[in-house]
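**Q** Given next are the chains, with one letter for each unit.
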Amino acid sequence: MRAPSRGMVWRGALAAALLLLALASAHHVGLTSLLSASAPQTGDRASPWVGLMQLQLSDRTEVSRLPDLDIDNLPLFSRIETVVEAERQMDPATGREVRSVSTRHYLYRPFGYVAEVAAMLLLSLEIAFWGTALALLAAIPLSLLAASNIMGNAPARSAVRGLIAALRAIPELVVALFLVLLYGFGALPGVLALALHGAGFLGKFFADDIEDADPQPQRAIRAMGVSRLIVWRLAILPQTWPAHLGHVLYLLDRNLRMSTIIGLVGGGGIGQELKGRFDMFDYGHVGTIMLAILITIFSIEWFSGWARKRLA
Amino acid sequence: MRLDFEDVTIALAQSVRPLDGLSLRIGPGEQVAILGPSGAGKSTLLNMAAGLCRPTRGRFSIAGIDGSLPAARELRKRIAMVHQQFALVRRASVLQNVMMGSAARLAPWRILLGVYPDAVVAEAMSALGAVGIEAHRARHRVLDLSGGQQQRVAIARAMMGSPAVILVDEPVASLDPLLAEDMMILLTSLSSRLGASLVCSLHQHDLARRYFPRIVTLENGRVLSDERQTAGAGITRPPRDLRRLSRQS
Chain A
6 MRAPSRGMVW RGALAAALLL LALASAHHVG LTSLLSASAP QTGDRASPWV GLMQLQLSDR
66 TEVSRLPDLD IDNLPLFSRI ETVVEAERQM DPATGREVRS VSTRHYLYRP FGYVAEVAAM
126 LLLSLEIAFW GTALALLAAI PLSLLAASNI MGNAPARSAV RGLIAALRAI PELVVALFLV
186 LLYGFGALPG VLALALHGAG FLGKFFADDI EDADPQPQRA IRAMGVSRLI VWRLAILPQT
246 WPAHLGHVLY LLDRNLRMST IIGLVGGGGI GQELKGRFDM FDYGHVGTIM LAILITIFSI
306 EWFSGWARKR LA
Chain B
13 MRLDFEDVTI ALAQSVRPLD GLSLRIGPGE QVAILGPSGA GKSTLLNMAA GLCRPTRGRF
73 SIAGIDGSLP AARELRKRIA MVHQQFALVR RASVLQNVMM GSAARLAPWR ILLGVYPDAV
133 VAEAMSALGA VGIEAHRARH RVLDLSGGQQ QRVAIARAMM GSPAVILVDE PVASLDPLLA
193 EDMMILLTSL SSRLGASLVC SLHQHDLARR YFPRIVTLEN GRVLSDERQT AGAGITRPPR
253 DLRRLSRQS
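These protein sequence lines map, in sequence, to chains A and B. Residue numbers for the first sequence follow the numbering used here, so the first one is 6 and each next one is one higher. Residue numbers for the second sequence follow the numbering used here, so the first one is 13 and each next one is one higher.
Chain B extracted, bound-state conformation (with noise of 0.2 Å):
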């Protein structure tokens, strides 16, 4: 599924402008990495792919669809999205916040009552697996599970339903290097599996080198930059006993 920033513009009061004239375009598929200091905009980027705003001037559309129209909110289904802080129903658990990825496909009595079919039960285990989280924590609640085991869990809730987008704000702010690594693997080699896009916003230039084959920089709401790098080239997995040592942890 095809995204267009087309000159987007979002005006705040007192001409704070988050996105300023941002033109992009992400193809089907494309894993593209969003670098850039805080506050250029990467997150408001995302939020808007989400849905979870919308363009002061200029057109955002999915798959050639105005994002505001109605005909969007079906493609919109198909959309996924990672938040920075996980965004999940901590009390609730691990499978139950797995299993909300799916909530735009299922009847409402079904989730108002939470009878949920047995073949999205089967689904979120799977993604569980999926995201390595042992099948054992699937009843546990996300309190009580670490920050980057709540983040696994938030990925999978991401999978349910194979999204055709993956939005990730910044996956690797809390984690140490060896579990950032980890998680660069987990992400792109999903979105791989899946077919679907993978949009990131990262903060480290090495991290996007080694994993992303395109890097988009921001700075003040508009694109600075726009690499793209040939593939085999300019990836480099990180060595072998990096990604063992990791494991272990």
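With the rest of the complex left out, here is chain A (with noise of 0.2 Å):
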């Protein structure tokens, strides 16, 4: 057999190196506790995985606490439910037992819980849509300046790339947390997250579109003697339409995901809903929460495929 070359024993030890190197990095993450036999921790209350399957439809509230309550018009199925409860007292004055029955009537409503979810994700939808469209608003001008075949001046492009770039790199839950600060909580934090973010992420697509487009008949409508603005909305914006609407799409799509989590900071929508829920242990309301999520992105994503499909 022949030898090992120099090289064969440097490539094994490289590969050997890189190999233990990984094993300490899969341990330093935690994925080594994954092979021991234990379990996760759960602690003694029902375990989440059992509570979200428990979905929770209804929801109950006192009659006392809605005043504007016509007994005689109920709601939609909805209806009244009395609850008697017997409850042991003990009367301070004179250190006796007492049992007392208490009469309560709650309104309740079989898909009332639905119908809040439902009202918390559709204000998601508008954050969403308010933050895309507000993109897409800032993303036009900031792209125009940033594409080569528009912008002559190259120190002012490399500046406003520059610009588009620092957009994108910040996450929009971290520019959430300081929106939040800014304006409270609420949907308008949410809003200006995602269209912050998303300027930047429309505004180096379309860019780069607007690069790609066929040179020739940008040169045939410069020849003409008209701005370079001109030529843009005559020779490129045919062109890169398609591929602009494709981004939008991408950019709605993915807002719509993102603005469920975004009520996590306090940007509001169903993410904050859904984080008061968790951490009150409400696993039925969560599991609730999350199949609602789940729906709506189906959805979209089979709208937004229908309508590339109609347009592009």
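Simulated from the structure, these hints should not be mistaken for laboratory data. Since the structure is predicted, the reported quantities are computational estimates derived from the model, not experimental observations. For glycine and all other residues, C-beta sits at the position ideal for the given N, C-alpha and C. Worth double-checking, as some hints may not be accurate.
[Stated by the list, open to error] Quick list of the computed label-pair ranges, beta carbon to beta carbon: (1) A:62 with B:156: 30 to 38 Å; (2) A:167 with B:21: 39 to 47 Å; (3) A:315 with B:231: 50 to 58 Å; (4) A:134 with B:28: 49 to 57 Å; (5) A:183 with B:148: 55 to 63 Å.
[What the hints assert, rightly or not] Here are a few chain B residues that sit away from chain A, every Cβ distance over 10 Å (derived from the structure): (6) 73; (7) 157; (8) 227; (9) 240.
Each chain sits in its own coordinate frame; assemble them with the hints.
**A** The structure is reproduced here in structure tokens:
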């Protein structure tokens, strides 16, 4: 057998070193604990996985907290539930146990929580929509200033490219954290966070589309003695808008998913409810919310696929 | 509008000179064929007239005004070019492409919003009619058209605003002989009707002889020969049956 060459020895040593490094890193991130037999700690509470299955659909509100409720005209499908509860209290004067009966009336709505989730999902959709719309509005001038075939001035173009990169580099969640400090909890910081990040995303991809456009018609229109803005409108936009539309639909899709997350840091919408219920161990509610998000994402997926096919 | 090339040279890197001391005068309303082998400078000559490149040395002027001066900008709007690859916006409709020919004359906001005056739409439709594109094709996208039809659309775009000079780069390079005859008839008759001068680069000697009163031959970036044919004697139209055949195709 031939003795291994010096190159092979080096390569073998390098491979062994990389393997060791990978193993150390796997241990560092805790992957090795998966190999040990012990199950993840759940504590004495019911496993959240079981809780998630028990979807919470209904809700119950005490009638005394609904001053405007008209007993004769209840909302659709809802009913009044009367709960008689026996209570044992200690009489402070005598120190004896006293039994009392209290009667409580509840308005029970079988799909009350679903309606609530739907309303909050709608708010999330609105956040995503406005985040995308404002991003689009900002991205059009940004991309024009960043495209070499429209903006001739190289230093200015680089500055705009840098701004776009910075907008894209900061994650929405981090932007939202700061905006929540500025504007308080609610939908507005969510919208602005999505818009800022989206403007960076669309700005970059629009600018790349514009630079990739067929140069021949651009030359022809430019020779007519018109401004670069007109060249863009006539010779570039008709070529690039299908690609632009694809990017906008992708951003909308992404923002719809992000808008559910952005509520976690106070950006409004369904995420805020999700976080609240999760922290209160209401896993049934969490299950309903997650299912609703899933259905929404699937519908959006289907719709954006349909729209792309129709428009492009 | 007179075009003057006075000792024009374009010098690129590594002593490549697409034009090298070329002098040529093209008078108003003249119909000139530019012949010459590939790389002789035909396209560069046309591009310079269209304002797509500038002379390194020498002078190019439009109606006596130096092409590099701001004053030439307005004159340049009256020079239209039909590019070899047509340079149409393929995804846009035929009508939109033709209307682009009037871009320099319209207010920018109209173009940005895509709101064209009725007069421009009517002019574009009549230009399409003049080049033989049926009205129902106006809403089709350019990429749905054949190569020959795309070229006609490019000519219609060049006709917008009745230009004083029409520059055409290799109009018959990709056409079969019958369509090539048609194209020559179309170009020469349109330029006569508009009173515009026609400068057309060609590879085919026989087409140039039959349709153009003046033939300029280039070689290595300068004028090799400049022949004028006496009208009527030199110019012959193709036989009738040939023209009829080409209409049907």
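**Q** Give a verdict on every hint.
**A** Status of the hints after comparison with the structure:
1. A:62 with B:156: 30 to 38 Å: Since the Cβ atoms of residue 62 of chain A and residue 156 of chain B sit about 53 Å apart, the hinted range of 30 to 38 Å is violated.
2. A:167 with B:21: 39 to 47 Å: 41 Å Cβ-Cβ, so the 39 to 47 Å window holds.
3. A:315 with B:231: 50 to 58 Å: This hint holds: roughly 55 Å between Cβ atoms.
4. A:134 with B:28: 49 to 57 Å: 55 Å Cβ-Cβ, so the 49 to 57 Å window holds.
5. A:183 with B:148: 55 to 63 Å: holds, 58 Å
6. 73: Residue 73 of chain B is indeed farther than 10 Å from all Cβ atoms of chain A, at 16 Å.
7. 157: holds, 15 Å
8. 227: Holds, because the least Cβ-Cβ distance between residue 227 of chain B and chain A comes to about 25 Å, which exceeds 10 Å.
9. 240: The assertion about residue 240 of chain B holds, with a minimum of 29 Å to chain A.
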